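K.L.:
Residue strings, one per chain:
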Amino acid sequence: MDIERTGRGPLVYRQNVWTRLTHWIWAVALFLLLLSGLQIFNAHPALYIGEQSGFAFDNAVLVIGAEPHEAGPLEPRGEPPPPAVGTVTLFGQRFEATGLLGWSGGEARAFPSWATIPSYQDLATGRVVHLFFAWVLVATLLLWLLASTLNGHLREVIPGWRDLRALSGDIADHARLRLHYRRRYSVLQKLSYFGVLFLLLPGMVLTGLCMSPSFNAAAPWLLDVFGGRQTARTLHFVEMVLLVLFVVVHILMALLAGPLNELRSIVTGWYRLSPGEDPDAR
Amino acid sequence: MPADPIRRRLLLAAPALLLSGCKVFDRLPRDGGLRDVLESANTLTDLTLGNLADGHLAPEYTRADIRQPMRPNGVTSPPDEDYLRHLASGWADWRLTVEGAVERPLALSLPELMARPSRTQITRHDCVEGWSCIAEWTGVPLSRLLSEAGLRPEARFVVFRCMDTIERGLSGNVLYWESLALRDALHPQTILAYGINGGALPVPNGAPLRLRVERQLGYKMPKYLRGIEVVADLPGQGGYWEERGYDWYAGI
Chain A
1 MDIERTGRGP LVYRQNVWTR LTHWIWAVAL FLLLLSGLQI FNAHPALYIG
51 EQSGFAFDNA VLVIGAEPHE AGPLEPRGEP PPPAVGTVTL FGQRFEATGL
101 LGWSGGEARA FPSWATIPSY QDLATGRVVH LFFAWVLVAT LLLWLLASTL
151 NGHLREVIPG WRDLRALSGD IADHARLRLH YRRRYSVLQK LSYFGVLFLL
201 LPGMVLTGLC MSPSFNAAAP WLLDVFGGRQ TARTLHFVEM VLLVLFVVVH
251 ILMALLAGPL NELRSIVTGW YRLSPGEDPD AR
Chain B
1 MPADPIRRRL LLAAPALLLS GCKVFDRLPR DGGLRDVLES ANTLTDLTLG
51 NLADGHLAPE YTRADIRQPM RPNGVTSPPD EDYLRHLASG WADWRLTVEG
101 AVERPLALSL PELMARPSRT QITRHDCVEG WSCIAEWTGV PLSRLLSEAG
151 LRPEARFVVF RCMDTIERGL SGNVLYWESL ALRDALHPQT ILAYGINGGA
201 LPVPNGAPLR LRVERQLGYK MPKYLRGIEV VADLPGQGGY WEERGYDWYA
251 GI
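Sequences listed follow chains A and B, in order. For the first sequence, UniProt numbering begins at 1 and goes up steadily by one. For the second sequence, UniProt numbering begins at 1 and goes up steadily by one.
Chain B with its partners taken away, still in its complex shape (with noise of 0.2 angstroms):
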């Protein structure tokens, strides 16, 4: 063991200055050259899980694995006058919109929604936060909303829009909004859900539609929708939360 004072006090020092240097990740702008080479591994993160996951379904559950209410997260009661319009009238004059590069727009009512063949599935919804929750969804796979409308050729991504402020900023509110790969979007537990653990769902969970994507984590699943786009080009970094650093792919 060291006596010497001066190499004592090194070996303290040492620590600090390791713990004082990780200062460095305080100050990593959204494109910076530091964050630049450390967001490159999302890239090999994102193609290495994308093709794994190809072609498999996301574990499915059994109905004694539903043990709780379906955890809601983020916004949970849109403040929204269109929304609460929309919610007050019983979604009388909702309608879902699919337009962008596809042949047929389409503009469908929750009951057209809801008499179209569905698909119920039990999994586990996870969010990027760490925590876990199963619950049985039920709704019309995007897959065969897609097909109606008939994608062009240029059709890469599927962007959905939002009826919840999420933000409010200095240069407006910011809506919350999505974007998939036609992949994911074309996969067949990708679907539009209205229906939770038996019932419809509820206003917290995104009333009356939301996503389910069930091989990413929760916040590439918008609630509150009203809008799908087809496009060719990703629009700015292809959603809200990317928008603030997180992931567009975010399969881990």
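The following block holds chain A by itself, in its conformation from the complex (with noise of 0.2 angstroms):
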């Protein structure tokens, strides 16, 4: 029994070491996945609904672009011209952000230098890197799922009848910064982490692949799935959208959970319970 008990509460080697692995292998590839995408999206920062983007009619969902500043009196010469606007036209929606979408560092750009791969526009590489992380991400996809299956962890993500009858409890406990330090995870981490795992990371690389013309040759059903490329290519930003809120309330709970007990179980594996806590319960 790898149990160490202390007053504290005991510690108890929660993470197996390819929980871990797979772990640090997609934060990595999911950061250079999402900073090369938006390099992708940046050379066309417009999503549409249906098969193709509306030029002559209007099927947009989302345009980001830059329009000149009205019309004032005239520069003198050989000043600078007058900085844009940047505009993000959501469902027909017009909002200014200016500095951060559409217009930054001086340019035209629908995101920002610092949140793209490479920081200028380069497409070509965007797509080079986009494209070798996204075999990471599915190698790695598939490691985690062969390793849990074998080890067992891929229980401990499903969520069950008994998980979801306390869902109210758990809900209301994290509202309330009442976290409990347990050797299984809480229905709401369950939730979490069982979306992430088999809705949204499988469904990036569906949409992913949705938008590939060899890709629709071979499974044409696919695109009826989505409801056509360009939808696909709307759904894979929209799951970056929720993966980055994954990723963001995460780190928020760790570091609320407290940040050295939550690395340590994710870096060695070895986890502090609750006092009190029974270091077997599964």
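Keep in mind the hints are simulated off the structure, nothing from the lab. The structure displayed is predicted, hence computed values, not measured ones. Beta carbons: idealized from backbone N, C-alpha and C, even for Gly. Keep in mind that a hint or two might mislead.
[Unchecked claim] Label-pair ranges, simulated between beta-carbon atoms: (1) A/220 to B/231: 28 to 34 angstroms; (2) A/247 to B/235: 44 to 50 angstroms; (3) B/172 to A/24: 48 to 54 angstroms; (4) B/116 to A/248: 58 to 64 angstroms; (5) B/200 to A/24: 55 to 61 angstroms; (6) A/224 to B/81: 44 to 50 angstroms.
Once you've looked at the hints, go ahead and assemble the two chains, each given alone in its own frame, into the complex.
P.N.:
Right under this line is the structure:
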């Protein structure tokens, strides 16, 4: 029994090496996929519903662009041109986001240079980086699925009836930041990890593949599943936003729960439970 | 929540360090070690997608899906004298040449191309930038011309030469060019299109003749064609955009 008992609650070996390894590979891969993905998005910063992009009709749900400032008095010769306004049009509603979206660093670019790889406009390199880490993501998903099936971790992230009945209590506990350090994941943890691992990440891969004209020829049914190539591209973006939200909440929860204990468990595997918790309860 | 200011500063510094670390991708030389490693995944992508798509047709759409004129991209009005002369004379002296590793080189006029059996397909054009546009394309299957010319045993690739200058450089003007593997060149939907949406191909879309390769992205479909060369070995990186960092197999 690899459990060391102390006055502060038992220290347990909670995360096996495969869980920790895949966690950190994903952390790096998803970060680089995000920044290279924003570079790719910047090449045509608009999202549509359907098979095609409406140029002579309107099926856009999101357009990020730049407009010149409203015409004012003429600038004297030799003055730099007036800065433009960065705009975001979401479902027809126009917002200004100069400095962040549409216009930043003195140029028209949907996402700012600090949010893209490379920092300047370079679609070719963005695609090389994105497709490399897309393979890393897929390989890591398969590795995690295989290892977790064999070592039993898979059962730990799939919510069961017992978990779902505890949902309202768990939401109340989280809302009051009354966190429990247990051997088992709480139901909110299970639901979010399950959602990311079985819905968002596979969904990312499938909507990404759906943007491939070669894959469309091999599996035209997938286009119908997602409602067309441009809808798939829009969903790819929406899933990205959801993943970013997940990561933000995930990091926030680790900070709130005590970053040293949480980091130790995902680096070394060892996790300190609340005093009195049963180290063997699964 | 850690109140310790040093720890908080470290936590705040971490994202900034991560972001500045990404500048490593700002200097990815075209043939550098890191770029080679990253591009090795392209080989995997190309093999996977190429084999998955092998023997399949790209999705075809209906007339109801044609909702707008075909969006032109890249060069939309070639400035080249030769091109403008051909355009002014209604393509009277223009010939498409088929040469290289073939038994019988061809030089075909536009009426000669149009007299051959044609294929019409309503397909979706996907630009590498991310947008898509559906149009109806009419043209002569490339496989038909290649079989007329007769491929020699060493034939492995088809190179397309164009009339449009896409870049003016110090070492001269660069004309657009592309290339395909025989597998894609002989695909039934690979056509040399002279018609679009029931009319003649207009200048912005590549008059008089452009390539359609429906299972790949737009940059694989050169416009303003003048010649086809069948070769055993791919010259350079295989195309204008390929020499600027884009993957030769544009399947995704």
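K.L.:
Taking the hints in turn, state whether each one holds.
P.N.:
Now for the hints, and whether the structure bears them out:
no., hint, result
1, A/220 to B/231: 28 to 34 angstroms, "holds, 33 angstroms"
2, A/247 to B/235: 44 to 50 angstroms, "holds, 45 angstroms"
3, B/172 to A/24: 48 to 54 angstroms, "holds, 50 angstroms"
4, B/116 to A/248: 58 to 64 angstroms, "holds, 60 angstroms"
5, B/200 to A/24: 55 to 61 angstroms, "holds, 58 angstroms"
6, A/224 to B/81: 44 to 50 angstroms, "holds, 48 angstroms"
Every hint, counting from the list given before, is met by this structure.
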